[in-house]
Amino acid sequence: MTDSSTSISPSSLPPLDSPEVVDLHRKMKRRNLRGRLFTYASAILIALWILVPIFFVFSMAFTTEDTVRSYPKNFLPFIPFSTETMTFFLQSEGVLESLLNSIIVAVVTLVLSTIIAVPAGYAVARYLFPGRDLFRLAVLAVRAFPIVVLSIPLAVLFLRAGLFDSVWSLALMHTALAMPTTILVVSSVFASVPYELEEAGQVFGATPLQSFRYIVTPLVLPGIAASGLFTFVLSWNEVFAASVLTLENRTLPALVLTSLANSPDAFQFAGGFFLMVPSIIFMFFIRKYLFNMWGQVSK
Amino acid sequence: MPYLLIAPALIYLAMFFAYPMFQGLMLAIFDDDAALVLVDEPSLDGQEVERLTQGTRLNILGRQGNLLTDDSEGTELLTEQWFLVVGESAGGAEVSGWAPEARVRIRDEAADGTPLGGTIRPRLGAGSDEATPLLAEPNETSETVAELEQRAPVTIEEIAVLEVWFQVQASEDSSKVAGWAPSRFVEVFDDEETGRVDEGSVGEFTTGFITKMFNDSFFSDAWQTTLLLMLLILPLQFVLAMLMALVIDARLKLGSGFLYIFTLPMGMSDLAVGILFFSIFTGNGLLNSVLEAIGILDGPKTFLSADTIPWIIFAIVLAELWRATSIVMVIIVSGLQAIPRETLEAAELFGAGYWQRVRHIMLPLLLPSIQVALILRTILAFQVFAVVIALSGGDIVTVLANETYRQYFEFRNNNVASAYALFILLLSMASAFFYLRAVRAQTEVANT
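Protein chains in written order, with the working numbering: chain A, 1 to 299; chain B, 1 to 448.
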């Protein structure tokens, strides 16, 4: 690339302090500044577009029930703060149980899918074996299948096996949904740790297991934690399978969904708040790994 | 070694993904109890003589008990019991043989109700003096081995439970042959002489469920809305995602803060986003308040009702744009990062302006990423569900995933629900295939 610039003969260029060049520089600077301003303006507009609805629902979740019912609403930052809606929501029937169910399902899903996916991810990252590409393709295909296709037969199967309407069966299904992503992310995390490091450890007398334990593990742990958080959020959010597979032991999204038609707005807004909180927290920790996760797929 | 490591994942996916997926798709095209097989004799070894579809009207020609098979637990059965009895014959010899429960009056029972002994019932009416035959096997067709006088005391050695079999013939179709079938598949009407096939004994492949889905009154609404939403959302989404990606790629100060905000919706459930936009569009929501405050409206306008379907569609489009653009952005940003800086610098050096660089360098190089994002987004667009329910209640505006849910949940029709799921799957695969072809064709054009 640099060759192309040297091919222009330097003698044909006007001197750097000539009026044309100075003018050109000023123009470029101005254009640059305008571009910057435009970029900042877009960034702020987009940020507002994303933040304002969140802020509105959050303030609805922490206000009085009268405010929720009132019209017109005060302008944004001035909605009176109160824990009334939240208390009402938490005291509604089934809410605490469903919160607990959601946590159990998400944690079981996280543990199960991580335990199963980490060895598989390691294998894909470290070994070249016949069938490796096929395995990757199969994993990708699983992720591409629509959840709705899977939920109905699983419900029927669990019904036959007597596992219907339990948090465990839902966790089994969520694990199947989350595992492909986890495998791909974990394998990209392992791939980012050069194998030479492991070898170096072994040169200095560590057993393969020791070099894995003391060299690789600390390096991959943050990435695996991030994919775990992602799994947690996925399970926490999942509403279709949860509504199909549970009846009495609803998770939070399933409870909120099935009571949408006959619950007051305050209930919905507070429920929406609880549905959003984990993702807002976890997104903060996983944002660095997002490109790891999704950069993968386009390769 | 690597196979050992991937084995758990493979086994798990086979158990909880491949197998149920297969089962589910079978549900859509296979009717578990489509037909009742009639056999030539009342026995499990009987030869098939006829098949009757579910619901066929029957004449009941005969009935007979038959030994139970093991798999019949839990089904509603017409049964009769036979006893292996030991008693003293008229000649004074001890004889034993099988007799149906109707021939023995129980007089002695164990604590749990198991009959232990009794007497032979006297027959009423004509032939009342006849002796009761004892048979070699618990089956009316087996040979008589002994006879017992009426009121002879007997002890019960063994009990056999028999299922009643019916000899039936289709009453409205004379071309069908008569044959035997277990009573559990037959519903007998009050007159005891007619009935109907209640459930089939064998499955058959059928297009019935798929036809039923196509004829479902919500079907055309559902797929049209799904398609309309896709056509409205996807182009806007890709423009917005491109813009967001360029902003992130510009590496502003506070860039990581913007990245965090831009990716916030990625982790949010579609239900939460549905509620979010419900709070904006509902009667006393944010939108009305703002519009009235700036003087566009005089009073609250109803956006989310059966009379304002375009507004509901608009709200769904906004909600989906809000929710799902981040993922497209992330894919595009990782595509942008893979573009060598030198290429862009070279273009700049040759005088290409910013938009020219975007149009002629970035976009073509981003095609693979855009393809992936398109496939992903289209597949997800077929699954739009909770947003629609939250904004429309699931009745006024409906989509395919919502109908799947409704068939399963409200109408309890697993088969039609699976037919919907199959339809969604086929659409997803078809669109993925289409994009793969289209983008490949375009890259070929670009290369020539």
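Mixed in with the good hints, there may be bad ones.
What the hints assert, rightly or not - Derived DEER-like restraints, expressed as beta-carbon distance ranges:
(1) B:T343 with A:M28: 19 to 27 Å
(2) B:L4 with A:N32: 52 to 60 Å
(3) B:F433 with A:P208: 37 to 45 Å
(4) A:Q91 with B:R437: 50 to 58 Å
(5) B:Q224 with A:Y127: 46 to 54 Å
(6) B:N59 with A:E97: 51 to 59 Å
(7) A:V52 with B:D32: 47 to 55 Å
These aren't lab readings, by the way, just hints derived from the structure by calculation.
Computed from a predicted model, the values in this text were never measured in an experiment.
Every residue, glycine too, gets a C-beta built ideally from N, C-alpha and C.
Hint numbers the structure violates, sorted upward?
-> none
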